[in-house]
Amino acid sequence: AQKITQTQPGMFVQEKEAVTLDCTYDTSDQSYGLFWYKQPSSGEMIFLIYQGSYDEQNATEGRYSLNFQKARKSANLVISASQLGDSAMYFCAIYLYTGGFKTIFGAGTRLFVKA
Amino acid sequence: EAQVTQNPRYLITVTGKKLTVTCSQNMNHEYMSWYRQDPGLGLRQIYYSMNVEVTDKGDVPEGYKVSRKEKRNFPLILESPSPNQTSLYFCASSPTSGGAYEQYFGPGTRLTVT
Numbered sequence: 001a002q003k004i005t006q007t008q009p010g011m012f013v014q015e016k017e018a019v020t021l022d023c024t025y026d027t028s029d030q031s032y033g034l035f036w037y038k039q040p041s042s043g044e045m046i047f048l049i050y051q052g053s054y055d056e057q058n059a060t061e062g063r064y065s066l067n068f069q070k071a072r073k074s075a076n077l078v079i080s081a082s083q084l085g086d087s088a089m090y091f092c093a094i095y096l097y098t099g100g101f102k103t104i105f106g107a108g109t110r111l112f113v114k115a
Numbered sequence: 116e117a118q119v120t121q122n123p124r125y126l127i128t129v130t131g132k133k134l135t136v137t138c139s140q141n142m143n144h145e146y147m148s149w150y151r152q153d154p155g156l157g158l159r160q161i162y163y164s165m166n167v168e169v170t171d172k173g174d175v176p177e178g179y180k181v182s183r184k185e186k187r188n189f190p191l192i193l194e195s196p197s198p199n200q201t202s203l204y205f206c207a208s209s210p211t212s213g214g215a216y217e218q219y220f221g222p223g224t225r226l227t228v229t
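Chains as they are written, first to last, in the numbering used here: chain A, 1 to 115; chain B, 116 to 229.
Pulled out of the complex, with its shape left as it was, chain A reads as follows (with noise of 0.2 angstroms):
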């Protein structure tokens, strides 16, 4: 069964630092998209960054970037230099195209930023 591991339950960076997020995902499709998505306190959720998985360069989106490495299954998400308006949840998703559209989240990491 496909799924999303996000290892790291919760995280903290100091402000102006880089920090990576962990996603690794199971899946034997070969086509499929990698989202992550920022969730603050107030509840919303707030799309960050997209890698498809036929897509050769990482995706970046400002301060966003994502390491694809397609051989290991892994997404992981940087964001540099932290802001404390970044703390928040933080969930990887893929979505998957064959038997069905369907997208499965991980459990997601809370990350903490220190002023």
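No lab work stands behind these hints: they were computed from the structure.
None of these values were measured; they are calculated from a predicted model.
Here a beta-carbon is modelled for each residue, glycine too, at the ideal position from N, C-alpha and C.
Check before you lean on any hint, since a few could be wrong.
Unchecked claim - Subject to a maximum C-alpha distance of 25 angstroms in a straight line, what follows is the list of computed PhoX-like cross-link-like pairs (lysine-lysine):
1. A:K3 to B:K172
2. B:K133 to B:K180
3. A:K102 to B:K186
Stated by the list, open to error - Not the full set, but computed from the structure, chain B residues with beta-carbon under 10 angstroms of chain A:
4. K133
5. R159
6. Q160
7. M165
8. G173
9. E177
10. N199
11. S209
12. Q218
13. Y219
14. F220
15. V228
On the provided structure of chain A, position chain B as indicated by the hints.
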């Protein structure tokens, strides 16, 4: 303003009393989906719809029903709610089922079943 709306935002109900959580999007999106969020489990997909009259089960469909009669609306129905359905529910939409697009989430509905 482009958005996904859900109603109600908060609901406390009793076991067995049928309820409907509405979801509406104004972006002409084809793909819509329902999730529940529980601590330590992340978001789990309940049902999704690729277009009008086309729905399919996600990972946790038991105890839920959906319908997609219009493109903009995707209500979630709990015919006989039970306490294990106490959760935070999110509706989401995406332009197509093609997958290269992010999902736009509603604000969430916090449901408590006693």
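Here is what the structure says about each hint:
no., hint, verdict
1, A:K3 to B:K172, "holds, 16 angstroms"
2, B:K133 to B:K180, "holds, 11 angstroms"
3, A:K102 to B:K186, "holds, 19 angstroms"
4, K133, "violated, 26 angstroms"
5, R159, "holds, 7 angstroms"
6, Q160, "holds, 5 angstroms"
7, M165, "holds, 6 angstroms"
8, G173, "holds, 6 angstroms"
9, E177, "violated, 16 angstroms"
10, N199, "violated, 18 angstroms"
11, S209, "holds, 9 angstroms"
12, Q218, "holds, 7 angstroms"
13, Y219, "holds, 8 angstroms"
14, F220, "holds, 4 angstroms"
15, V228, "violated, 20 angstroms"
The structure fails hints 4, 9, 10, 15 (numbered hints given earlier, in ascending order).
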